[in-house]
Amino acid sequence: MTLLSVEGLTVELPGSARPVLDAVDLSVAAGEVVGLVGESGSGKSVTARSALGLLPAKARVTGRVLVEGKDLVGADAAHLREVRTGVASMVFQDPRAGINPVRRIGDFLTEPLRLTKGWSKRQAEARALELLAAVGLPDPPRHLRQYPHQLSGGMLQRVMIAGALAGEPRLLLCDEPTTALDVSTQAEILALLGGLQRERGLGLLLITHDIELAAASCDRVYVMYAGRIVEEASAGELFGSPRHPYTRGLLGSTPPLTGPLERLRPVPGAPMSLAESAPGCAFAARCDFAEPGRCDQSPPRLLPVPGAADRSAACVRVAELPPVVATEVRS
Amino acid sequence: MSVAVAVLRKVVGMAVTLLVTSFLVFSSLYLAPGDPVSFLVKGRSPSPAELAAIRKEFGFDQPFPVRYWHWLDAVLHGDFGRSYLFHESVGAVIWARLPASLLLVGVATLLIAVVGIGAGALSALRRGTRTDKGVLLLVTVGAAVPSFAAAVLLRSVFGVRLGWFPTIGNGTGLLDELHHVAMPAVALSVTFMALVTRVTRASMLDELGREHVEVALSRGVPRGSVLRRHVFRNALGPIVTVSGLLVSGMLVSTAIVETAFGMSGIGSLLVQCVDELDFQVVQALVLLVVAVFVVVNTLVDLVHPLIDPRIAAGGGAR
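In order, the protein sequence lines correspond to chains A and B.
full-length UniProt numbering puts the first residue of the first sequence at 1, with every later residue one more than the last.
full-length UniProt numbering puts the first residue of the second sequence at 1, with every later residue one more than the last.
What the hints contain is simulated information worked out from the structure, not anything from laboratory work.
Take these hints with a grain of salt, some might be off.
Subject to a maximum C-alpha distance of 20 Å in a straight line, what follows is the list of computed EDC-like cross-link-like pairs (lysine to aspartate or glutamate) [as the list claims (entries may be wrong)]:
{"no.": "1", "chain 1": "A", "residue 1": "K58", "chain 2": "B", "residue 2": "E214"}
{"no.": "2", "chain 1": "A", "residue 1": "K58", "chain 2": "B", "residue 2": "E211"}
{"no.": "3", "chain 1": "A", "residue 1": "K58", "chain 2": "A", "residue 2": "D22"}
Please model the entire structure based on the sequences and the hints provided.
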């Protein structure tokens, strides 16, 4: 069953020139790892937060966000709480900011269990100990009584993950879960998330700006640009033959593991801010392949790529673009 | 560093502060204009020999350091000297007037805590609404009204025109005393209330924007619990710090408010004794206010690590 199905989600904030999200379609099935890739401000985080009903209060929202078939747009508090405590949960980017610094780790883990499920203190603490062990922390009874500042960033992110697992969710939303961590810790956290996902058959939405990371850890990847999904493909296909010019640009601007750095090709220009808008393709101004008269008329729709099953791109010229070979991406 | 050592350090620091203050208090009064002897001999014109006898009797003939030492020695033994004005020991004079002032400061503190923190929290939660703007307006007005002006206004409206509250005196019996202390307490608290409201609002807004608040909401923790357990709880630090400063500020302001309402307390006593150059009482009162200030702030420092565990006791923050 589809755990999360976002359908035509549009989110507009008062005072911004373009929607924060513009007709976003996205789905995550049980047991599936889905990547959501894009630059800062592309709408990745807003998309993930919509699955918990955490959109800004002032936003105008149209479309649907189905979590296990029930729409969260306009849902009442009871329904939202049901989803947040038992169906979906989120691992946030920075555990230092995301865990209350003046409360003990034990409080962080047991709070939702005690306040929303009415568990006793003893029950909730027993569960917290299990969770801390499940995320690989060395000394759960001690951590329970520690304060966040007494743990390293990596350990604290494990606590954050344990907290996200407290309600036995089926959908785990990970918003750049490794960005705030040391490089050496990042791999451990990703391995932990992967292990937990397989063990528990979770649907996992991994938000990242690192396209190679997405390709390596996900089954399917969505690429977002300026509030729209511009490409969807299986991870292998996306990495091997990106079709949307923006995806090509992203792959070209990733530092190679070998070879000289001067061969990096950054995507020219800057991402579109909320104060800007374009009548046509939002990426046209930065695109090598943009064609006046075609790309700047109306926003391209996300359509299946001709001749490629199960992948879509939002580019009017997608069929005409020269094929990408791996060497060209990295040249 | 262990907690005991930290507490000990605070206490030693407190003692040093009080010692330095005692010196400043003692010396500043001798720099002030007016001669206590001229007060003692008021109306008469004694011969130089009589004057010298009076000086000797009160110890004014001795050099300054010696006088300071004698005074300090007596103070450390709980003897603040005798009041020229009341012909009683300074301790007895202050002790008789302390309860009334404590009641006044106590009621004012309660008002500040309930109204100030309440209005600040409400205003933060309703940011940008009419409620918020109304509170901000009152805060601006309140902060600008000096307590003597508030006293005059309250007396004329609620005391004279409406006749709800007595305009003068202390009252007898707890209920009557509370009735008498109501208006002075409001007059005393207005400015401080405005300050606490502003600090509470700012601190709450600061905490409302933190990511851990969103995280708690995302985990289904009910909004009321999030506000109580995460927003207000985390906002306490600045509120407690400001409140600590206020307590001694209020003690000083009792001088104005008690005089305005014709109450008998340590504030009006201070005014009276300054007027009459009753040095011994003034010294003791100033020392008392400073001692309260130092003790309260030391307590605030000691409480802070409980509010925010990141601050280790003694300031050795990580």
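Structure-based check of each hint:
1. K58/A <-> E214/B: Holds: K58/A and E214/B sit about 16 Å apart, inside 20 Å.
2. K58/A <-> E211/B: Answer holds: K58/A to E211/B is near 18 Å, not above 20 Å.
3. K58/A <-> D22/A: With Cα atoms ~16 Å apart, K58/A and D22/A stay inside 20 Å; holds.
When each numbered hint is compared with the structure, no violation occurs for any of them.
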